[in-house]
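Using the sequences and the hints given, assemble the complete structure.
Protein chains in written order, with the working numbering: chain A, 1 to 75; chain B, 76 to 273.
Hint data in this document are derived by calculation from the structure and do not stem from the laboratory.
Treat each hint with caution, since some may be false.
[To be verified] Restricting the straight-line Cα-Cα distance to at most 30 Å, the calculated cross-link-like pairs of lysine-lysine (DSS-like) are: (1) 47/A with 21/A; (2) 132/B with 44/A; (3) 47/A with 252/B; (4) 96/B with 132/B; (5) 90/B with 144/B; (6) 44/A with 149/B; (7) 58/A with 132/B; (8) 149/B with 264/B.
[Unchecked claim] A partial selection of chain A residues facing chain B, derived with a Cβ cut-off under 8 Å: (9) 1; (10) 13; (11) 23; (12) 25; (13) 30; (14) 47; (15) 51; (16) 54; (17) 56; (18) 57; (19) 58; (20) 67; (21) 68; (22) 70; (23) 71.
The beta carbon of each residue, even a glycine, is placed where N, CA and C say it ideally should be.
Okay, here's what each chain looks like letter by letter:
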Amino acid sequence: MNCNKATVLMSAAIDGELTEKEAEELSGHLADCPECRSEFQEAKNTKIIIRERIVRVKAPRNLVESIVRLTNVTG
Amino acid sequence: MKENKKELSAREQIKQQEFQKEAVPHINALYNYALHLTMNPDDAEDLVQETYLKAYKFFDSFERGTNCKAWLFKILKNNYINKFRKNAREPGKVDYDLIKDFYHTIKDVQSDTTEAESDFFHSLLHEEVYQALQSLPEEFREVIQLCDMEGFTYEEIANMVESPIGTVRSRLYRGRKLLRAKLEEYARKHGYNTDTEE
Chain A
1 MNCNKATVLM SAAIDGELTE KEAEELSGHL ADCPECRSEF QEAKNTKIII RERIVRVKAP
61 RNLVESIVRL TNVTG
Chain B
76 MKENKKELSA REQIKQQEFQ KEAVPHINAL YNYALHLTMN PDDAEDLVQE TYLKAYKFFD
136 SFERGTNCKA WLFKILKNNY INKFRKNARE PGKVDYDLIK DFYHTIKDVQ SDTTEAESDF
196 FHSLLHEEVY QALQSLPEEF REVIQLCDME GFTYEEIANM VESPIGTVRS RLYRGRKLLR
256 AKLEEYARKH GYNTDTEE
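Take a look at the structure:
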């Protein structure tokens with residue numbers, strides 16, 4: 001496997017979405033290629049930063065209450 | 076109480092209990108997704124409210140054992156398309172002031188406790204990450220949000236965006252490449268490569 005192919009596979013690899021064969025090929029390449037190993041780490045970090053740096057808010061209380069009421073029609 | 080009303084109520088109660096257990100816990104995730112789509116808290120509330128109304132009405136058609144959150148997201152997305160799409164901003168046209176204002180209205184509610192351990196990322200501000208994400212063409216932004224923020228599988232995302240899994244996979248690859256370039260741009264502005272302080 002060359003570095004280009006490895007780079008393409010990294011995206012799905014960090015999501016755990018490679019086939020078994022692809023995963024084997026990629027890890028074989030990563031074992032031999034320090035540049036791709038560092039690239040892979042950066043790719044993982046990009047996923048982490050999206051998950052952690054984008055602020056998540058709580059739904060407003062009135063919205064939650066109205067939805068709970070909706071499912072309490074006989075209650 | 077009449078007998079038939081009692082029966083109906085018993086059946087309805089089972090449905091309610093199940094709905095509350097399966098669907099209601101996803102309110103926050105749906106509200107966040109709606110906010111990102113509409114960029115407007117009132118519209119987001121309406122969208123979530125309508126999504127739950129529809130979901131409750133059609134709860135019998137929810138396939139038990141599958142991901143209820145994914146089912147709700149798909150309903151919300153369809154609602155959004157029907158209701159707001161014609162007024163939505165065009166891909167590529169990003170109103171940064173709008174994003175900034177929007178971000179400031181929501182950011183004080185909750186903040187992170189964990190961070191990626193990298194100087195590169197430490198140099199980035201929350202709103203810059205958000206801006207970078209919002210600047211991506213919609214087809215890329217959407218799959219990144221669904222995958223990285225909401226944790227859906229490729230199969231679930233493919234079903235939501237009505238595209239093959241291979242398309243989802245390639246959009247994620249291309250979208251992340253664009254996103255990395257944007258984030259690096261911001262990091263350079265902060266003097267990445269020099270010592271950045273958090």
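Against the structure, the hints come out as follows:
no. : hint             : verdict
1   : 47/A with 21/A   : holds (23 Å)
2   : 132/B with 44/A  : violated (40 Å)
3   : 47/A with 252/B  : holds (11 Å)
4   : 96/B with 132/B  : holds (16 Å)
5   : 90/B with 144/B  : holds (17 Å)
6   : 44/A with 149/B  : holds (27 Å)
7   : 58/A with 132/B  : holds (25 Å)
8   : 149/B with 264/B : violated (38 Å)
9   : 1                : violated (16 Å)
10  : 13               : violated (11 Å)
11  : 23               : violated (14 Å)
12  : 25               : violated (16 Å)
13  : 30               : violated (17 Å)
14  : 47               : holds (5 Å)
15  : 51               : holds (5 Å)
16  : 54               : holds (6 Å)
17  : 56               : holds (5 Å)
18  : 57               : holds (4 Å)
19  : 58               : holds (6 Å)
20  : 67               : holds (5 Å)
21  : 68               : holds (7 Å)
22  : 70               : holds (6 Å)
23  : 71               : holds (5 Å)
In terms of the numbered hints stated before, the structure departs from hints 2, 8, 9, 10, 11, 12, 13, listed from lowest to highest.
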